[in-house]
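Chains R and Y, in that order, give the protein sequences. Position 37 of the first sequence, counting from 1, maps to 37 under this note's numbering, and the rest follow consecutively. Position 76 of the second sequence, counting from 1, maps to 76 under this note's numbering, and the rest follow consecutively.
Be careful, since some hints might not be right.
Interface residues of chain R toward chain Y, partial, derived using beta-carbon atoms under 7 Å [what the hints assert, rightly or not]:
| # | residue |
| --- | --- |
| 1 | L24 |
| 2 | S25 |
| 3 | K35 |
| 4 | N37 |
| 5 | K50 |
| 6 | V51 |
| 7 | E56 |
The set of hints was computed from the structure by calculation and includes no laboratory data. Computed from a predicted model, the values in this text were never measured in an experiment. Each residue gets a CB set at the ideal place from its N, CA and C atoms; glycine is no exception.
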Amino acid sequence: MNVKKVKNSLPVEPEYEIMVGERLSPEEYEKSVRKMNEYRKRTQENMSEKVRLTLELMSLRFKIEGCIKDKEFNPQLNFGHFLRQYVDLLNRKRKVFASEIGINEAELSQFINNHRLPNESILVRLEIHSSNSLPAIIWFRLIQKEKEYILLTNKAIRREQKKNVSNKVNISTKLQLPAY
Amino acid sequence: MTIIEVRTGDRKKVEIKPIERTDFKKLTKKRYSFPWKEWQGKAELYKLCFVGADDILGVMAFTDVPGDQRIEINLLAVSIENKGSGKVYDGIIGCLIAYACSKAAEKYNKYACVSLVPKTVLREHYIKKYGMRDIGMRQLFLEEESLANIILTYRP
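Please construct the entire structure, taking both the sequences and the accompanying hints into account.
Encoded structure:
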């Protein structure tokens, strides 16, 4: 690929940046990647616990944020799913973690297995416990998304609540806005 | 994410989104240094714009290398008015690299890595400005703390 020549002196900010791939011969590229991977293997073996935890928390946060941003909610990727990941990356027993956030193991299990959704105080405790790596607001938004999904897809609640409604407004179904 | 208006020092909010087919008309070689359309289907392509705006300030192509748990940035460019010493905004490239880092971190957790092969003349700049690791090969890369640092610097 053609690229204009960059001035010989180092610019204040790089001009049009990086060209890769094509500029290295396959042999040169392979050698470069191999050396890099060897180096990475060594650094990974010596990774400190603090750095590991920081990176894993970052990764978890991006995953949660990704779910929040997605147009469609994947019911498998719910609050419980991510809470389980959080507990797992801490390498702590569930009983220990539960006591650290002031709940019992049974409650934690209910959250993890998605039998119950937490209130705001639990979300704030998770924020504090994670040293602000997982702010309460991202847990809250995830739960909102889950609740939205439940509200949109729950047929049973519609059947059930129909009994409590009378004298429905009478409109032209042809002109009705589509459901979500 | 924010970039800095050089003249005033003000921070402006930006977002990074996938390039859409209709963007290729705007992505001219004259303004963005490369014929970006050639990369369509060969790499993941992203654009940096002000929040809610259409004008593209920066473009990036990267490929995922799952076998190495690595993302390789193939190409980066800023729009012509943001090049060199007369540029209008600073931090576009940093934001794009940080985005690639966050994608790598999301997918590869603690083993995430972002690599690139800079032009020789820019090599030192990338090492100094972005903390890239240099092991004497053509590739420079970010991993572990250096990768986390870029994310924290450009993606508050």
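Hint check:
1. At about 6 Å, the closest approach between the beta carbon of L24 (chain R) and any beta carbon in chain Y falls short of 7 Å, and the interface hint on this residue holds.
2. Among the interface hints, the one on S25 (chain R) is violated; its C-beta lies about 10 Å from the nearest C-beta in chain Y, farther than the 7 Å criterion.
3. Residue-level restraint check for K35 (chain R) holds (minimum Cβ-Cβ distance to chain Y is 5 Å; threshold 7 Å).
4. Here the hint on N37 (chain R) is kept, as its CB sits about 6 Å from the closest CB of chain Y, short of 7 Å.
5. Restraint check, K50 (chain R) versus chain Y: the minimum CB separation of about 10 Å is more than 7 Å; hint violated.
6. Against a cut-off of 7 Å between C-beta atoms, the interface hint on V51 (chain R) holds, since the closest Cβ of chain Y lies about 5 Å away.
7. A least Cβ separation of about 5 Å between E56 (chain R) and chain Y falls short of the 7 Å threshold, and the interface hint therefore holds.
In this structure, the earlier hints numbered 2 and 5 are contradicted, and the remaining ones agree with it.
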